Amino acid sequence: MNIALINASPKRSESASGALLSDLKGLLPDDQIVKSFSMNRPSIAEEEIKELCGCESWIFSFPLYVDGIPSHLVSCLYQIEQLGIKNQNIYIYAVSNSGFYEGKQNRNALAILKNWCDKMGFVWGMGIGFGGGVALNSMKGVPLGKGPKSMLGSACRTLVNAVSSHATADNIYITINLPRFLYQVLGEMGWRQEIKANGGKRRDLERRL
Amino acid sequence: MRLIITDIKELQSAQNPTQRVITDNGSIHSCIGCFGCWIKTPGQCIIKDGYEHIGEQFSKCDELTIISKCFYGGFSPFVKNVLDRAISYISPHFVIRNGEMHHKRRYSNVIHMTVYWYGEDITEAEMKTAQSLVTANALNYDGRVNQVLFFSSADQAREALPL
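Respectively, the protein sequence lines represent chains A and B. So the number in the working numbering is just where the residue sits in the first sequence, counting from 1, plus 728. So the number in the working numbering is just where the residue sits in the second sequence, counting from 1, plus 222.
Don't read these hints as lab results, they were simulated from the structure. It should be emphasised that the depicted structure is a prediction, and the values quoted were computed from it without experimental measurement. Accuracy of the hints is not assured; some may be wrong.
Said to hold, decoys possible - Simulated pairs of lysine-lysine, BS3-like, Cα-Cα distance not exceeding 30 angstroms:
#1 B:K350 / A:K929
#2 A:K763 / A:K753
#3 B:K282 / A:K924
What the hints assert, rightly or not - Okay, the calculated bits of chain B under chain A, using three or more residues with CB under 8 angstroms as the criterion:
#4 259 to 266
#5 284 to 296
#6 304 to 311
#7 371 to 385
Said to hold, decoys possible - Computed beta-carbon distance windows for the label pairs:
#8 A:S866 / B:S249: 32 to 38 angstroms
#9 A:S878 / B:Q378: 46 to 52 angstroms
#10 B:K350 / A:N889: 24 to 30 angstroms
#11 B:G248 / A:A897: 41 to 47 angstroms
#12 B:L385 / A:I761: 51 to 57 angstroms
#13 B:N331 / A:T886: 18 to 24 angstroms
#14 A:S750 / B:Q234: 41 to 47 angstroms
#15 A:S878 / B:E346: 44 to 50 angstroms
#16 B:K231 / A:E779: 48 to 54 angstroms
#17 A:A773 / B:Q378: 35 to 41 angstroms
#18 B:P239 / A:K778: 49 to 55 angstroms
#19 B:I268 / A:S866: 18 to 24 angstroms
#20 B:K231 / A:E774: 24 to 30 angstroms
#21 A:E776 / B:G248: 22 to 28 angstroms
Just so it is clear, CB atoms sit at the ideal spot from N, CA and C, and this is done for glycine as well.
Working from the sequences, and respecting the hints, build out all of it.
Have a look at this one:
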């Protein structure tokens, strides 16, 4: 089976969406043909769409943007819809990651993708809503299924099993395995470091214009 | 002040001293996920395309009216782009609100959202998603939902809009 891994983060490197796809790729059986695609801009080349249509399973990985999918991804989905592709053998899977702690906050983004899938006549496989995604880049050395990535490991295995058997499953909402207060403290520390690294002061994070 | 965000270009003419209208002039760029609006130029997007002040414009409004074609239960690419580029309205700091993690307020104004969705063939599932999305947006802004309305065409939505 041909599997498309679609990185829909606008970041060209160091994205949590990319890190998630790398982890997922490592779990896919060796006999699957895996192709990587990028949807980081508001349009996608038609040749790429043709290539995508040769894949039976598409796995989207994207960041949660304002409770939904990023605008450039809406544009790409619409572009694909406009081509009028009809293929009931294409299964859509997705991982939406957010900076918020609760995975459930990704529910509307996954629903939007499922609604697109229904409009296209594709099959909605399943989705993972992952809370705490911004921390993933600093955890590249942490094996999937261990420590803060424990729940993520189990959710990814469920998704990979569904993809491998071309099956559907319920969406899974999970979070990073850290207590919420600790995640919040670490996040805020990160913002303070970032603004200082950019020549600002801690209070600038709250600046009003 | 009322802020209108819409993908209907003709509504640009509704701009007046008490009503700002954001429409598509063809120059908007997508958010690149750099968080520059929080850590480099706090409160303002780093992409200088004429849409860098949206976060600040949010802070000047008490009424946010969105008129958008419904795309799969979400906003149209232009409207979503404006919302994606407006995250500087809120602070990067976290706060627990309604038992969930959200971003802290940067400003003190309370946004009241009214959303006019339009489209010929909006499904029940898309309506449900759209309704849930607006509720989630308002919670993130620490604002309120006034109304969520659905229309079968842009003209109908425009006619229903009190200007």
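Outcome of the hint check:
About 43 angstroms separates the Cα atoms of K350 of chain B and K929 of chain A, which puts this hinted pair outside 30 angstroms; it is violated. A C-alpha spacing of about 10 angstroms is found between K763 of chain A and K753 of chain A, which places the hinted pair at or below 30 angstroms, so the restraint holds. For the hint linking K282 of chain B to K924 of chain A, the alpha-carbon distance of about 28 angstroms falls within 30 angstroms, and the restraint holds. Counting residues of the region 259 to 266 of chain B whose CB falls under 8 angstroms from any CB of chain A gives 6; the rule of at least 3 is met.
With a threshold of 8 angstroms between beta carbons, the proposed coverage of the region 284 to 296 of chain B by chain A holds, since 4 of its residues qualify and at least three are required. Using a Cβ-Cβ cut-off of 8 angstroms, 4 residues of the region 304 to 311 of chain B lie near chain A, which meets the minimum of three, so the contact claim holds. Only when three residues or more bring their CB closer than 8 angstroms to a CB of chain A does the claim for the region 371 to 385 of chain B stand; here the count is 0, and the claim is violated. A C-beta distance of roughly 35 angstroms is found between S866 of chain A and S249 of chain B, which places it inside the suggested range of 32 to 38 angstroms.
Look at S878 of chain A against Q378 of chain B: about 50 angstroms separates their beta carbons, and that is inside 46 to 52 angstroms. One distance hint, 24 to 30 angstroms for the beta-carbon pair K350 of chain B and N889 of chain A, holds here, with the actual separation near 29 angstroms. For the hinted restraint 41 to 47 angstroms between G248 of chain B and A897 of chain A, the CB-CB distance of approximately 42 angstroms keeps it satisfied. In this structure the supplied range 51 to 57 angstroms holds for L385 of chain B paired with I761 of chain A, their Cβ-Cβ distance being about 55 angstroms.
A C-beta distance of roughly 43 angstroms is found between N331 of chain B and T886 of chain A, which places it outside the suggested range of 18 to 24 angstroms. At about 44 angstroms, the CB distance of S750 of chain A to Q234 of chain B agrees with the hint of 41 to 47 angstroms. Against the hinted window of 44 to 50 angstroms, the Cβ-Cβ separation of S878 of chain A and E346 of chain B comes to about 37 angstroms, which falls outside the hint. A hinted range of 48 to 54 angstroms is violated for the C-beta pair K231 of chain B and E779 of chain A, which are about 35 angstroms apart.
A hinted range of 35 to 41 angstroms holds for the C-beta pair A773 of chain A and Q378 of chain B, which are about 36 angstroms apart. Taking the beta carbon of each, P239 of chain B and K778 of chain A are about 51 angstroms apart, inside 49 to 55 angstroms as hinted. A C-beta distance of roughly 23 angstroms is found between I268 of chain B and S866 of chain A, which places it inside the suggested range of 18 to 24 angstroms. Distance hint check: the CB atoms of K231 of chain B and E774 of chain A are about 27 angstroms apart, consistent with the given range 24 to 30 angstroms.
Checking the proposed 22 to 28 angstroms range against E776 of chain A and G248 of chain B shows it holds: the Cβ atoms sit about 24 angstroms from each other.
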